[in-house]
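*Asks:* Residues per chain, in single letters:
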Amino acid sequence: MPSMNIFNIAGSGMNAENLRLNLVASNISNANSISSSIDEVYKSRQPVFAAELKNIMDKNHAAGGVNVLGVVESQAPPVMEYAPNHPMADELGYIYKPNVNTVEEMANMMSASRAYENNVEVLNTAKNLILQTLKMGQ
Amino acid sequence: MAINFDNALGIHPQALALREKRAETLAANLANVDTPDYKARDLDFKAVLSQTLASNTRLERTQAGHIGGQSTVLGADLLYRNPQQPSLDGNTVEAHIEQAKYAENAVQYQASLRFINSKFSGLMTALRGE
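Protein sequence lines correspond, in order, to chains A and B.
Here the first sequence stands for residues 57 to 194, where the numbers follow our numbering.
Here the second sequence stands for residues 10 to 139, where the numbers follow our numbering.
In short, the hints are calculated from the structure, not lab data.
Each residue gets a CB set at the ideal place from its N, CA and C atoms; glycine is no exception.
Fair warning: there could be bad hints in the mix.
[Said to hold, decoys possible] To be clear about the criterion: a stretch of chain B counts as covered by chain A if any three or more of its residues have a C-beta under 8 Å from a C-beta of chain A, and this derived list gives those stretches:
#1 89–101
#2 114–125
[To be verified] Label-pair ranges, simulated between beta-carbon atoms:
#3 A:Leu125 with B:Gln94: 23 to 29 Å
#4 B:Asp15 with A:Arg101: 52 to 58 Å
#5 B:Pro22 with A:Ile84: 47 to 53 Å
#6 B:Gln60 with A:Ala163: 39 to 45 Å
#7 B:Leu97 with A:Ile84: 19 to 25 Å
#8 A:Leu148 with B:Ile106: 52 to 58 Å
#9 A:Pro133 with B:Pro92: 32 to 38 Å
Only chain A is shown next, with the shape it has when bound in the complex (with noise of 0.2 Å):
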């Protein structure tokens, strides 16, 4: 029978993606968010993954899941721009826009439901060889 092994090692992939999926809502919904300073500026989050460590240690275990490690905020600069008549604007005239890359984020949505569509296939192919498993012998 399937180990329930399989559930969390998609489980904890599925759960990545989803992460994944809602810093990608997070950055481009703020894309727009415009700020009169440098540090209140809204910065592109990206999470950080990682294989479970015991999977990169030990050669002989079966792989484990992916831990998220955490959430990281880009380093790249904002977009200043010009705008003395902006209501929002600094004493110098300058507008602050967020480092979000709208097309980069379309593409990492894309990839992200994707790879979470797989796992959802890979945890209902799991299930039912389980079923089928334990109707064994009848």
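Given the coordinates of chain A, assemble chain B onto it according to the supplied hints.
*Replies:* Frame of chain A, contents of chain B only:
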């Protein structure tokens, strides 16, 4: 006469256990499709099965402290996949290939399962003597 399941079922329970382990490995590959530096793994089914059968000779344990011989499939060596195309982040998972392998493995699992089932129904027929 006692029924010996090992003789009756033959190679199939071990094959099933190996298929399960392979499904797990392939699922992990698919789950880690976006993990930087993750290397895709797989096992060489044929080699591992023959190795499992070869090491399956049971050692008799006459004392409780004796260590039993290896009879599990968990000693299987996981190998690394050679990717068709390199990727920037060092990840060697290619989702389409892993998906195909996973589907193949699922079908093979079902085949093994069917073999076991037919062995069982053969046993049942023999027992009933109808």
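*Asks:* Would you mind marking each hint as holding or not holding in the structure?
*Replies:* These are the hints, each one checked on the structure:
{"no.": "1", "hint": "89–101", "result": "violated (count 0)"}
{"no.": "2", "hint": "114–125", "result": "holds (count 5)"}
{"no.": "3", "hint": "A:Leu125 with B:Gln94: 23 to 29 Å", "result": "holds, 26 Å"}
{"no.": "4", "hint": "B:Asp15 with A:Arg101: 52 to 58 Å", "result": "holds, 56 Å"}
{"no.": "5", "hint": "B:Pro22 with A:Ile84: 47 to 53 Å", "result": "holds, 51 Å"}
{"no.": "6", "hint": "B:Gln60 with A:Ala163: 39 to 45 Å", "result": "holds, 43 Å"}
{"no.": "7", "hint": "B:Leu97 with A:Ile84: 19 to 25 Å", "result": "holds, 23 Å"}
{"no.": "8", "hint": "A:Leu148 with B:Ile106: 52 to 58 Å", "result": "holds, 54 Å"}
{"no.": "9", "hint": "A:Pro133 with B:Pro92: 32 to 38 Å", "result": "holds, 34 Å"}
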